[in-house]
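Trainee: Sequence:
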Amino acid sequence: MIGELVSALRPLSAPPTGPGWNHADMSRLLGSSQRLPAAVLVGFREGVQPRLVLTVRTDNLQAHAGQVAFPGGRSDPGDGDALATALRESEEEIGLDRALVTPLGYLDRFETISGFCVTPVVAKIAAEAQLYPAPDEVAEVFEVPLAFLLEPANLRRYTMEFRGHQRPMVEFIHGGHRIWGATAAMLYNLLQRMGRT
Numbered sequence: 001m002i003g004e005l006v007s008a009l010r011p012l013s014a015p016p017t018g019p020g021w022n023h024a025d026m027s028r029l030l031g032s033s034q035r036l037p038a039a040v041l042v043g044f045r046e047g048v049q050p051r052l053v054l055t056v057r058t059d060n061l062q063a064h065a066g067q068v069a070f071p072g073g074r075s076d077p078g079d080g081d082a083l084a085t086a087l088r089e090s091e092e093e094i095g096l097d098r099a100l101v102t103p104l105g106y107l108d109r110f111e112t113i114s115g116f117c118v119t120p121v122v123a124k125i126a127a128e129a130q131l132y133p134a135p136d137e138v139a140e141v142f143e144v145p146l147a148f149l150l151e152p153a154n155l156r157r158y159t160m161e162f163r164g165h166q167r168p169m170v171e172f173i174h175g176g177h178r179i180w181g182a183t184a185a186m187l188y189n190l191l192q193r194m195g196r197t
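Each residue of the sequence shown is one higher than the last, beginning at 1 in this note's numbering.
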């Protein structure tokens, strides 16, 4: 299963550049304003059943409070690249030891309604990694089996109105968690790249 996933990724030697795959859609909503660089870790914990690591953001954050998200965030000037951002943010948000992370490749860049251009870094997380949510940013860390995400019946489609535009959206519901918005869209990009949509 991980082998199929890896073969669908952009290689580590060729990180994605330029605008996000949804640039045309975002340009209609945001215009041509500069998108800020960000990165997230799409991390799969190793095991008999690989499991995707996700967070629930705390309710007191200014942006995306209470939402399910990948660990990650805005790139800092000191970050050499998207991988460095994803590893630093994962360490800060969920205590993930970067020595227990094996980068595998990249998904396509994605632009968010909050004005970021996000580079998703896909990686393996060692089974023994201990994860602790940073209480000021993360309310909970949870895991979703890769097999659940690959099951077509678990991908739900709906339409949302935003600023007068009808936007097609996708979501997953697992264990009481609603995975939607940018997080679900990046997972959808993974499924597309794997030929699973």
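The set of hints was computed from the structure by calculation and includes no laboratory data.
Just so you know, these numbers come straight off a predicted model, no measurement behind them.
From the three backbone atoms N, C-alpha and C, an ideal C-beta is built for every residue, glycine too.
Where hints are given, some of them may not hold.
Label pairs and their computed distance ranges (CB to CB) [said to hold, decoys possible]:
(1) S7 x H177: 37 to 45 Å
(2) S7 x R167: 36 to 44 Å
(3) A153 x E92: 29 to 37 Å
(4) G115 x S7: 30 to 38 Å
(5) S114 x D81: 18 to 26 Å
(6) R157 x T17: 25 to 33 Å
(7) V6 x A84: 17 to 25 Å
(8) T17 x H177: 28 to 36 Å
(9) M160 x P77: 17 to 25 Å
(10) A99 x P11: 31 to 39 Å
(11) P152 x S7: 29 to 37 Å
(12) R157 x G78: 22 to 30 Å
Trainee: Indicate, hint by hint, whether the structure satisfies it.
Mentor: Status of the hints after comparison with the structure:
no.	hint	verdict
1	S7 x H177: 37 to 45 Å	violated, 28 Å
2	S7 x R167: 36 to 44 Å	violated, 30 Å
3	A153 x E92: 29 to 37 Å	holds, 36 Å
4	G115 x S7: 30 to 38 Å	holds, 33 Å
5	S114 x D81: 18 to 26 Å	holds, 22 Å
6	R157 x T17: 25 to 33 Å	holds, 29 Å
7	V6 x A84: 17 to 25 Å	holds, 21 Å
8	T17 x H177: 28 to 36 Å	holds, 32 Å
9	M160 x P77: 17 to 25 Å	violated, 35 Å
10	A99 x P11: 31 to 39 Å	violated, 22 Å
11	P152 x S7: 29 to 37 Å	violated, 20 Å
12	R157 x G78: 22 to 30 Å	violated, 40 Å
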